[in-house]
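There are 2 protein chains.
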Amino acid sequence: MSNCRPYVLGIDMGGTNTVIGIVDTLGKVATTTAIKTRDYVEFEDFVDALVKACRRVMNDVGGEHLVAGIGIGAPNANYYSGNIENAANLPWKGVLPLGEMLNRALELPVAVTNDANAAAIGEMTYGAARGMRDFIMITLGTGVGSGIVVNGQLVYGSDGFAGELGHTCAVRGGRKCGCGKSGCLETYCSATGVARTAVEMLTTRDDASLLRQIDTAEITSKDVFEAALKGDALAKEIFDFTGRIMGQAFADFVAFSAPEAIVLFGGLAQAGELLLEPIREAMEANMLPYWKGKVKLIPSALKSSESAVLGAAALGWKAV
Amino acid sequence: MSNCRPYVLGIDMGGTNTVIGIVDTLGKVATTTAIKTRDYVEFEDFVDALVKACRRVMNDVGGEHLVAGIGIGAPNANYYSGNIENAANLPWKGVLPLGEMLNRALELPVAVTNDANAAAIGEMTYGAARGMRDFIMITLGTGVGSGIVVNGQLVYGSDGFAGELGHTCAVRGGRKCGCGKSGCLETYCSATGVARTAVEMLTTRDDASLLRQIDTAEITSKDVFEAALKGDALAKEIFDFTGRIMGQAFADFVAFSAPEAIVLFGGLAQAGELLLEPIREAMEANMLPYWKGKVKLIPSALKSSESAVLGAAALGWKAV
Chain G
1416 MSNCRPYVLG
1426 IDMGGTNTVI
1436 GIVDTLGKVA
1446 TTTAIKTRDY
1456 VEFEDFVDAL
1466 VKACRRVMND
1476 VGGEHLVAGI
1486 GIGAPNANYY
1496 SGNIENAANL
1506 PWKGVLPLGE
1516 MLNRALELPV
1526 AVTNDANAAA
1536 IGEMTYGAAR
1546 GMRDFIMITL
1556 GTGVGSGIVV
1566 NGQLVYGSDG
1576 FAGELGHTCA
1586 VRGGRKCGCG
1596 KSGCLETYCS
1606 ATGVARTAVE
1616 MLTTRDDASL
1626 LRQIDTAEIT
1636 SKDVFEAALK
1646 GDALAKEIFD
1656 FTGRIMGQAF
1666 ADFVAFSAPE
1676 AIVLFGGLAQ
1686 AGELLLEPIR
1696 EAMEANMLPY
1706 WKGKVKLIPS
1716 ALKSSESAVL
1726 GAAALGWKAV
Chain F
1416 MSNCRPYVLG
1426 IDMGGTNTVI
1436 GIVDTLGKVA
1446 TTTAIKTRDY
1456 VEFEDFVDAL
1466 VKACRRVMND
1476 VGGEHLVAGI
1486 GIGAPNANYY
1496 SGNIENAANL
1506 PWKGVLPLGE
1516 MLNRALELPV
1526 AVTNDANAAA
1536 IGEMTYGAAR
1546 GMRDFIMITL
1556 GTGVGSGIVV
1566 NGQLVYGSDG
1576 FAGELGHTCA
1586 VRGGRKCGCG
1596 KSGCLETYCS
1606 ATGVARTAVE
1616 MLTTRDDASL
1626 LRQIDTAEIT
1636 SKDVFEAALK
1646 GDALAKEIFD
1656 FTGRIMGQAF
1666 ADFVAFSAPE
1676 AIVLFGGLAQ
1686 AGELLLEPIR
1696 EAMEANMLPY
1706 WKGKVKLIPS
1716 ALKSSESAVL
1726 GAAALGWKAV
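Protein sequence lines, in the order shown, are assigned to chains G and F. Using our numbering, read the first sequence as starting at 1416 and increasing by one per residue. Using our numbering, read the second sequence as starting at 1416 and increasing by one per residue.
Treat the hints with care, as some may be off.
Which copy is meant is left open, so a pair is good if it fits within one copy or across any two.
[To be verified] Okay, derived cross-link-like pairs now, EDC-like style, lysine to aspartate or glutamate, Cα gap no bigger than 16 Å in a straight line:
(1) Lys1637 / Glu1479
(2) Lys1707 / Asp1574
(3) Lys1596 / Glu1696
(4) Lys1709 / Asp1574
(5) Lys1711 / Asp1574
(6) Lys1596 / Glu1699
(7) Lys1707 / Glu1696
(8) Lys1709 / Glu1696
(9) Lys1508 / Glu1459
Simulated from the structure, these hints should not be mistaken for laboratory data. Small disclaimer: the values here were computed from a predicted structure and weren't measured.
Chain G with its partners taken away, still in its complex shape (with noise of 0.2 Å):
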């Protein structure tokens, strides 16, 4: 029966926006909605609203008779439970049995993960990871979020919650990170991460920069990066900085899973050479002698306001 059902959900769901999307085999965006996460007090609210915007997109593709499953890439999700587990980004705390709740509702296989996990997902699925069986995600945004691929399967682990590389330890006694701990690779690589070095540096020294016509509390990543593409020293020494904490990090990775690629999505790895220079050169000076020149630095092939729905999308299939 659910092959011949052409259509899948993906569902992006984030701590301010909900996107749900219809998908197709070949990875074609049909149809998407979406509804603010944060504009319902219970959850059950959120539930029914997210119901009723998947039945809105099935109807704009022909019936729910189209669709053959359901994908969801949430914070903290689990996917062994389906549930989303204290997440920090949304407005409801605990557990949440999101995947069981719409798996009632809808009455189709649904599958539950994390972004990241999506991403990498839908990276193997339609983007720059297809085909490769060994390949870790890194997602750069607020957070530094990961998926890591293994033999062709997600890692999950024992518990559902494998790949936090966002808080390892990139600097021992380094930032307070959020999650409690210091010298997460977050703190330092993170959209936020990139903001908070550009306030350390202009605040710690005092040669000129375009980043100081700017507030320092108000100092952003994209900030940094329109200053280093006008040839901003200070700024280019941020990205060096960041490039080379990450490269350091991404060459202990390889160490463990020794993947064929390292892929880079969200707004950071949009910064290009200016970041992945510096990360390959710290990746190379880290490797062991034989992986060097070998493992591949890619940014993500997807469109960035596509990619979560995407990934979700690939997770729905799996579902099936």
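Given chain G, put chain F in place with the hints provided.
Then chain F, alone, in the frame of chain G:
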């Protein structure tokens, strides 16, 4: 046919000795023999001697027709190719097609992997990790090796060399490692690393210690262990230091693959709570909240004299 063959050959090839064992389906070692790895100038002569030794043990249990396959754990061995590639600890350089040569000579299926991976497979099949689908094996010997199991499968990576956790960076810019890098985990946490720590502490400080009775050039991790057992404060401090570095590293390994357990194997692992306690403390302090108290830290359950052969034998069953 292979189903009625009750034995496999397990070969543990080391830099000094190569041990050949016959193991039954229940993991009982029926008989073993050994040859000196370094007695042969040409690799071909070593393989000839190995083949003869294999025939000898097979005859001991009733003949070649009772043996289903061969598993080999060897330094720098590549599971995908069956080759040993540029092993620093062996007398022969370059690429050695061990798997293919044994297969041709004995007409049995052959599987080859490195020592730490073989240990992980042995532990999963016969030891402390029975029934586990996600765990990390750490071997503490002259170096630090690792075998990573994800979803019930050994992680080989894109090139067969995954699981080099001994060469992840424990201390940025730290001790020089034989691999050419600095600060590798194995420069601190191998038996050699422990001896290095002892020498460092003894030469930079002047507090009393039983270890001062030994020539610093001769100190081994066993001396440190024995001094610690006698209550020597400096020796205990060496274990605390070693365990702390290991625990910090393990916390990052957990963030990668969320294992159910980390299994420790090798001479140093026999130090028991002297080492396990500081490891556990540092692990707990450096893991994300949801892993705290959940990841087991356990010593190998295999006899050290048998474990490498058992691991190779377990791999041999997989080759069948």
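Status of each hint after checking the structure:
| no. | hint | in the structure |
| --- | --- | --- |
| 1 | Lys1637 / Glu1479 | neither (41 Å within a copy, 69 Å between copies) |
| 2 | Lys1707 / Asp1574 | between (33 Å within a copy, 13 Å between copies) |
| 3 | Lys1596 / Glu1696 | between (28 Å within a copy, 14 Å between copies) |
| 4 | Lys1709 / Asp1574 | between (32 Å within a copy, 10 Å between copies) |
| 5 | Lys1711 / Asp1574 | between (29 Å within a copy, 13 Å between copies) |
| 6 | Lys1596 / Glu1699 | between (28 Å within a copy, 11 Å between copies) |
| 7 | Lys1707 / Glu1696 | within (10 Å within a copy, 35 Å between copies) |
| 8 | Lys1709 / Glu1696 | within (13 Å within a copy, 37 Å between copies) |
| 9 | Lys1508 / Glu1459 | within (13 Å within a copy, 65 Å between copies) |
Taken one by one, the earlier hints fail for this structure only at number 1.
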